[in-house]
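Undergrad: Sequence:
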Amino acid sequence: MTASTTSSSQHQESHVNFNHDEWLRRFAILAALIGVGISLYLTYVKLSDTEVICAETSTIDCSSVQNSAYAEIAGIPITILGLLGYGFIGVCLLLQNRIQLLQDFGHALLFSVTLFGFIYSLFLTYVEGFILEKWCLWCVASALTMTSLFIASSARLVYAMQSIDEEA
218 MTASTTSSSQ
228 HQESHVNFNH
238 DEWLRRFAIL
248 AALIGVGISL
258 YLTYVKLSDT
268 EVICAETSTI
278 DCSSVQNSAY
288 AEIAGIPITI
298 LGLLGYGFIG
308 VCLLLQNRIQ
318 LLQDFGHALL
328 FSVTLFGFIY
338 SLFLTYVEGF
348 ILEKWCLWCV
358 ASALTMTSLF
368 IASSARLVYA
378 MQSIDEEA
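For the sequence shown, the residue numbers in the working numbering are 218 to 385.
Since the hints were derived computationally from the structure, they do not count as laboratory data. These figures come from a predicted structure and were not determined experimentally. We treat Cβ as the ideally placed atom computed from N, Cα and C, and that holds for glycine. Be aware that a few hints might be false.
[To be verified] Have a look at the derived ranges for each label pair, beta carbon to beta carbon: (1) Asp266 with Leu311: 30 to 40 Å; (2) Ile277 with Glu239: 31 to 41 Å; (3) Tyr258 with Asn236: 28 to 38 Å; (4) Asp266 with Asp382: 48 to 58 Å; (5) Ile293 with Leu250: 15 to 25 Å; (6) Ile381 with Arg243: 30 to 40 Å; (7) Asn236 with Arg315: 13 to 23 Å; (8) Gln317 with Leu354: 20 to 30 Å; (9) Arg315 with Tyr337: 24 to 34 Å; (10) Asn236 with Val308: 29 to 39 Å; (11) Leu264 with Ile381: 36 to 46 Å; (12) Ile290 with Tyr258: 30 to 40 Å.
Working from the sequences, and respecting the hints, build out all of it.
TA: Quick look at the structure:
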């Protein structure tokens with residue numbers, strides 16, 4: 218293999234990683250917007266004491282989940298924490314290509330935040346299924362959204378680490 222072929226192949230590989238990273242970043246921005254939408258709606262429902270729009274069955278009962286003891290931490294609705302979390306993730310993703318600190322540490326930061334969100338979503342899903350024995354479709358949608366953000370941020374972190382290894 219010649220030097221120009223090796224250089225060309227490394228450039229193509231780097232270009233592929235950039236495309237994967239950018240595609241995943243855009244996907245994550247969309248997922249963060251969906252998370253903001255879900256959290257915003259559930260926050261509105263909680264703060265305005267409005268009935269949540271939800272299919273009610275013997276196992277699906279969004280109101281019971283929304284009004285359970287697990288729906289607040291220190292008097293703060295977890296919907297607000299979700300809104301802040303999704304908003305933070307979205308802002309970091311939008312600014313990651315523009316702010317040096319986020320260019321340097323954004324992948325690791327987003328991985329850490331989404332890991333926490335993913336683990337907390339797993340806990341809340343456990344609470345729904347095994348403690349409350351009621352499901353909230355909005356909450357499940359939020360958990361799936363956070364899961365997709367965690368997967369995307371994990372993949373982006375791997376791509377970023379591979380790029381660093383290639384440069385070394």
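Undergrad: The structure should be examined with respect to each hint, and the outcome stated for every one.
TA: Hints, one by one, checked against the model:
For the pair Asp266 and Leu311, the supplied restraint of 30 to 40 Å holds, since their beta-carbon distance comes to about 33 Å. Distance hint for Ile277 and Glu239: a CB-CB separation of about 38 Å, consistent with the stated range 31 to 41 Å. Evaluation of the 28 to 38 Å hint for Tyr258 and Asn236 yields a pass: the beta carbon distance comes to about 33 Å. Roughly 53 Å separates the CB atoms of Asp266 and Asp382, a value that falls within the hinted 48 to 58 Å.
Checked against the given bound of 15 to 25 Å, the beta carbons of Ile293 and Leu250, roughly 23 Å apart, stay inside it. Restraint check, Ile381 to Arg243: a C-beta distance of roughly 22 Å breaks the suggested window 30 to 40 Å. Distance hint for Asn236 and Arg315: a CB-CB separation of about 19 Å, consistent with the stated range 13 to 23 Å. Between Gln317 and Leu354 the CB atoms are about 41 Å apart, so this pair departs from the stated range of 20 to 30 Å.
Judged by the Cβ atoms, the range 24 to 34 Å given for Arg315 and Tyr337 holds: they are separated by roughly 29 Å. Restraint check, Asn236 to Val308: a C-beta distance of roughly 23 Å breaks the suggested window 29 to 39 Å. Take Leu264 and Ile381: their Cβ atoms lie about 44 Å apart, and the range 36 to 46 Å holds. Restraint check, Ile290 to Tyr258: a C-beta distance of roughly 19 Å breaks the suggested window 30 to 40 Å.
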